[in-house]
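Just so you know, the protein sequences line up as chains Y and L, in that order. No gaps in the numbering here: position 135 of the first sequence is 135 in the working numbering, and each next residue is one more. If you want the working numbering, it's the position in the second sequence, counting the first as 1, plus 1000.
Mixed in with the good hints, there may be bad ones.
[Said to hold, decoys possible] Pairwise CB distance ranges, derived in the manner of DEER restraints:
#1 L:1116 <-> Y:83: 53 to 63 angstroms
#2 L:1301 <-> Y:89: 50 to 60 angstroms
#3 L:1415 <-> Y:83: 41 to 51 angstroms
Hint data in this document are derived by calculation from the structure and do not stem from the laboratory. Cβ coordinates follow ideal geometry from the N, Cα and C atoms, glycine included.
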Amino acid sequence: MARLSFPGAEPNNRAPLLERDQGAEITRCISLGFSADEIQYDWFLMVEDTNARDASVDDAIPSFDLRGLEPPQPAVAILTLIDGPDCGDAILVRLEREPIFLYPELLERGWRWELVSSLPGDVNLRLTRNLRKTE
Amino acid sequence: MKFPGLILMGAQSKLLPPSIPFRFFVAAVVFHIVAWGMMALDADQAAQFVGGPGVILAAIHALTLGVVVMTAIGASFQILPVVTGRPLAAFWPCRLVFWLFAPGTAALVFGFAIIDQTVIVTGATFVVAGLTVFALLVADVLRSTRGMITLITHGWAAMAALLSLAIMGLMLVFDWEYGFLPDHGGMAIAHVVVAVFGFMGMLVLGYSQFMVPMFAMGPSPNEKEVHAAFGLAAAAIVGAAVSAMAGSTNGLLVAAAAGFIGAVLHIRTMGAVLRDGMRKELGLSFVLVKAAWVFLALAIVFGALAMAELDDRLIALFGLVALLGWLLTFLMGILQRIIPFLAAMNAAKEGQTPPTPSAVSSEGPLKIHALGHFLGLALFAAAIILDEGLLILAGAAAGGIGAIAFAWFALDSLRRMRAYGKMTPD
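Go ahead and model the full structure; you've got the sequences and the hints to work with.
Okay, here's the thing in structure tokens:
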């Protein structure tokens, strides 16, 4: 399974647990005009959350906790992430709501999604790049 | 394109059964054709309309209730639960809303056209009953939503406006029979302000905080500016309604000034979202949305000038710019994004790959619609300024062709949605 790889961040370095208001920080980064790469780098350091992983999910997949962001910012954050050159082939995201409006965007980009778990206020999605997109 | 092995879970479970939103959207596209067509039935009156029952009032209600509110109800039922994460109380009241509101609107429009008080009262009663159930459903979602302050405040303001306009609408209808209102004209102006800017305006402003960043893949709007625009708009709507009923022209002008500043602030905020958005190519839908923002500001200016009684034609120009220019243009822009999205998400069965929205929609009819829509608007404006009924006929023909093209687009999306479900193996 491919990993996200960002400059200065070793894949095995686990960032501190996510604080919920870090979602607001992502919004601030976007509003300040940070590039996708810069924001992704920040996200990796800020929001990688090992607790977001489901026990049944491959531990090698990076996960991102986007709770605390109001719609549509989780969708914007995910698209910024997967559009980036350093994004791997799979990520886990943790959200407050299922991002229905994101799905057509994922389809257009050749990504698939799987609802790993869904509780009120806590939705886990596994997003995977479709490697056979060009076939 | 189908990607083998795609896992689709959850989307359908969060979306309403497609028959619920689509019944409202299909009804809206039908009323859309009816509204343009009715303008042609009384072309001479349309150019100098200032109020009162008849074919033109019928056409206006086909447009406002039949198209604008019908679309808003269908979109609200679908969008609110998705955005807030709070489900609707049940599906059956959504169907009940349709069966009260759609026939009620048809009866009201027909009653206005033939000037029959019994039909008008019957239609208005069904409309108000449908809107009441709608308001209760929306209020239940708003009540249980945590966070999302901007959406919630706009939502509650819209529901308060809906309650007020329904009461005022019923009073106006019964006043024709019993003549108990001291100032029927003042109440009619207040009804227009609360309906156009209060109910629909607050819904449009509220949903824009979510929909525009979603389509543009942009940042959330600046919250301080959103709150300031909301405060100005709310104060302007209340001020204008009270001033209209009190017969205060100065009060109306002050309210219009506040509303204009609020509208400019809203447009500025939305412009910033588009400027900072990841997606720069927003297509034809946002040509309509951007034009609608310009019409919003123009509508307030024309409304203020009409209240100052500078020219008799300003009332009709205000109606044209506010209803057809702002609300209809905006909603058609948004609807041409929502219909393919819902069609795509509902096309596949559980476990199947859904198509992309572009695979279930066709661009051609939308270009015809946009052309017909803007041509219709321009010809109507010329007809009002020149007081020329023939131009109304030409405008109605252009707008009507645009409306038929939009219906073609919507029905084609539905056809493709159904065809995809049949073609794709389980």
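Requested in this report: Give me the numbers of the hints this structure contradicts, sorted from smallest to largest.
Outcome: 3
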